[in-house]
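J.: Two chains, two frames, a set of hints: combine them into the complex.
Sequence lines, in order, name chains A and B.
For the record, in the first sequence the residue sitting at position 137 is 137 according to our numbering, with numbers rising by one throughout.
For the record, in the second sequence the residue sitting at position 52 is 1052 according to our numbering, with numbers rising by one throughout.
Just so you know, not all the hints are guaranteed correct.
Stated by the list, open to error - Here are the simulated lysine-lysine pairs, DSS-like style, with alpha carbons at most 30 Å apart: (1) A:K89 to B:K1206; (2) A:K73 to B:K1343; (3) B:K1274 to B:K1206; (4) B:K1350 to A:K75; (5) A:K148 to B:K1274; (6) A:K30 to B:K1382; (7) A:K115 to A:K83; (8) B:K1343 to B:K1022; (9) B:K1382 to A:K111; (10) A:K115 to B:K1350; (11) A:K2 to B:K1274.
Hints in this document: simulated from the structure, not taken from any laboratory.
This is what each chain is made of:
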Amino acid sequence: MKRIILSEGKNDTIFLRELLTTRIQIDESKILFFDQNSQDTKKKLKFIEEDYFDKLQSEWLPYNLLVKSESGKTKIIDVTISKLVNLCKQRYDPIMLIDLDGNTIDLFEDKLKKKFMNRFRGANLTLTSCELLQKIDEASVWSIKLCKDDKTIGTIYIIGFHLNLEDVTGIKNNFHTDEEKKVIVNNYIKNSHIDKIFKKAL
Amino acid sequence: MKINEIEILGFKGIPHLTIHPKQINILVGKNNTGKTSILEAINSTLELSMYGMQLKYEPHLSNLINVNKKESKVVVKLENETKYLLLKSPELKEIIPEFKKQLIDKIKAISPRRNNKAGWEKTEELLDKALSKNDLISEIERESIRVESGNKVFYIFSYTDLILKEIEPLLEYINKTIFRVSRNVFPILLRQPRFIYPQTEEKSKKTLTFITDLAINERLISTLTKSKINEIENYLNDRKILENLERFDFDKLLFKNNENEYEIPFSFMGDGFKSLIGLITRTSNETKIILIEEPENHMHPIYIKELIRQIIDFSISKDIQFFITTHNSDVLDVVSTDMLEPKYQDYLSKELNIIRLECLDDDIIAQELNREEALEELEELKLDLRGR
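Bound conformation, chain B alone (with noise of 0.2 Å):
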């Protein structure tokens, strides 16, 4: 799976712009130019899900589609096929069956008491109730977005302050005849979608990973394999990246030094290195696309260069293309000029794609330059970064 043309119509800030990548893609502009959009944009094209974008948007999903476009596009062409995604407005008619439906479906999935008839007839009666004001109405309508992609079609709500207010009788009700408990919980339910949606929505071999954060926490830990484990350690050995380690581990880091072993906790490694770890940790041989988002975060430059050697290695051996937003110069400097071996810069003069963006009025402009003329434009590229 590899992405040769995306193009955006309406997203976020966004007006329209097409890309074409290349194995390795790095997004640089100043604050607000749309680089994160545009991960945004592959990320709900290609992992299309209600759950995650629910999750990632509320309260704000309206503001998905662009303020001065009816609708949002985002069009992703892969080697093999075309992926799109479709955001509009609903029509009122769309949307009022559909919210109450979803609202009674929300509160069934979690609620205690399934088998309470009567309950259920009464929160109907009073949702319908709330449903025949127009203040609720208008502001469902628009709060609300329809999702389209290939054959599917859903719509997805945000519970906006004025919407609850609106519906408070109904809560209250629901607290206290369902879940039985004094303080009105459901408002938080609502909006923490991982309450109501079933686990199944996540998919458990992901071709494409969004990392925001290359931080290591125990939840990711828990989740890695002895052969994963395994994987870092030979890494860390092959590019001598930690001197006379041994053993490589989440627990601690064995040494050995001339005849003296003695260890380190990984906690008490730099935030740096452990970037560079969660990299390799977030990656499988199903991975094919890798998302991130200013990954040179807590990172000395020379952990930087050893970043992009990794990824490099990545994409030539796993076949993963990435995408990268950053604000760091050292980047810049890595990717453009010669700090890499040979085999590495070549590697980039054929698959280094910067993409620079500029704001121009409402308008974003992506302008495309190889490693060739990054280098040429570094100082210029780099004037972006601070700010000029």
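So here's chain A without its partners, still in its complex pose (with noise of 0.2 Å):
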């Protein structure tokens, strides 16, 4: 099954990859990357992307899993929305990796719901409340239900940071380089049970 995680900015598109090759052991030539701080050209963003998408539905190339980085949280919640529909259509079960900054997850969901009902007033769509799947001390998996007419349609997992990914794993921004965060991540990935609650998700 193709799936796409959805994540907040460049520091979590290093986690990922470091997580998902080494310690989930997910071959990294299925995996397409998307940081839209590293494109070149702004103004043909949305093409970029859209070629990601394309790349991942394609039957003929190897990928299986998009991890694409946004600008914030409100961004991951507005492309979810957006491709809510395709996302089911192609049973992508989207998977969006936040920080919670020490809030609870109700403000997120709260947010999520605000926009999803704005948008799909009248199409007969419902969300599920948010179920806890699984807690470490630093981070929790929840999952969240899309159904049409009291039929499971698709699933929207969260994966949040209890504070955020900085904090937890010690990465200082403007202070360490990419390569020394590639260090200190795995340093956390491989002293944490943080692969468990991606294994939920996934």
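T.: Following this line, the structure appears as structure tokens:
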């Protein structure tokens, strides 16, 4: 099954690349990483993004996981809601990786549902309440089901660091280089149970 | 008259969706996502007409009910009232007498020999004989619908090839003894209800207009008054759409450049220009809702921009609500970006509803976006239009 992980920013991409390829051991050649900050042409960003979605959908390309960074939580919600029908049609069941910044999941859930209700108010679609699937000290994974006439047509997974990735791993922006960040996140991944959280969603 | 909500259940390819219109509603989506069906559902509910439905959907009337549903229902909530349309497969006991009555009434309506008592008795006898066959009864049952709206109930029948074949002896008899023509003309007349239903079914002053083609034709021109032509001329001059225009008419347009006058036949004007005029000619003071299918056909982007201005002007000045289907990214650019003057942008910020339709398995899902959201997702919306 093909999947999509949407995350908040560049550090998440570094973290996910290390976690997915080293600890969870997904073949890197099957993962498409899209970090919008590393794209050259901002103007054509949408076309580049769509190209990545096309590559994931392609039957003759090897990719079965797209890891895509957005610019913040609101953007993750916007992209998920905007593409929700297509994501469900493809059975991609998106995973959203977010920093809760000390808040409960309710705040994020409310934002997601508000946007969803506003956009799909006439579509007879509903989102169930967040269900906690697993919790470790620094992170949890929840699922929300998308239903049409009481039938589940898709699932959205939310993985949230209770604080944020940087505090959990010890990354300091504007201080560590990308190479240093890699070493730091690898050290965290080796000494934590974060893989279990991701395996619940994957 | 303004539509506040439309709920559609089982109408054509739409299993169930609800939309909450504003003054200007633009329906986008790939092919077969139900854009036209939504316009047809509104039209059929608010302008219910046996004649219109038969003319538009014959011989596929039964397909108006979604294949996965037993009935079709459209509920249109207006400001002060709610109108509904309920389509069902009728029960056999209802349709056979109704089929017989309608067929005889239709023949009589166009018959040159209405007093031929013996002829009519024989006609009924032949029809009874045909209706004793199970094949015919099953086909009529399959290909007919019961239409209900308010306290109005009627039945419409498709005259399929099988039905026509089964009633062939009757049709031959009618041709020979009533119409007295050698060719079998009656099947053609049955499928062309305009020959059968009286003209009174067509309302003269309609509050809803369904435009499938903005082009101008002779029939339309013949219905226009002098004041309407003046209205068009004033509009063209106010908007400075044609430089040096002195006088507009559907025969010729008169131009004056310095002291030189010259004429150009209306028929020589481009299709985009004619489409622009086409919208003005189809509105009246009574028009409150306009449904338009792909108005951008034949239009240069400049005219698309002008058309949108025209639509907004009508919406403001005549309080007309628009439902527009489009496959054109220029339309989306014009309504969502800053291409129009601020007063138009302000109006669209309040009154634009983009309805994005997508298929999901056997279902159709509608997303409703305001102008700000449409701008944010402009490229995503255009992807639908490009078919990716």
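J.: Confirm or reject each hint.
T.: Hint check results:
1. A:K89 to B:K1206: 41 Å, violated
2. A:K73 to B:K1343: 34 Å, violated
3. B:K1274 to B:K1206: This hinted pair holds, its Cα atoms lying about 23 Å apart.
4. B:K1350 to A:K75: 24 Å, holds
5. A:K148 to B:K1274: Answer violated: K148 of chain A to K1274 of chain B is near 45 Å, above 30 Å.
6. A:K30 to B:K1382: 29 Å, holds
7. A:K115 to A:K83: With Cα atoms ~13 Å apart, K115 of chain A and K83 of chain A stay inside 30 Å; holds.
8. B:K1343 to B:K1022: Status holds; Cα separation ~17 Å.
9. B:K1382 to A:K111: The given pair, whose Cα atoms are some 26 Å apart, holds under the 30 Å limit.
10. A:K115 to B:K1350: 18 Å, holds
11. A:K2 to B:K1274: Violated. K2 of chain A to K1274 of chain B sits at ~50 Å, over the 30 Å cutoff.
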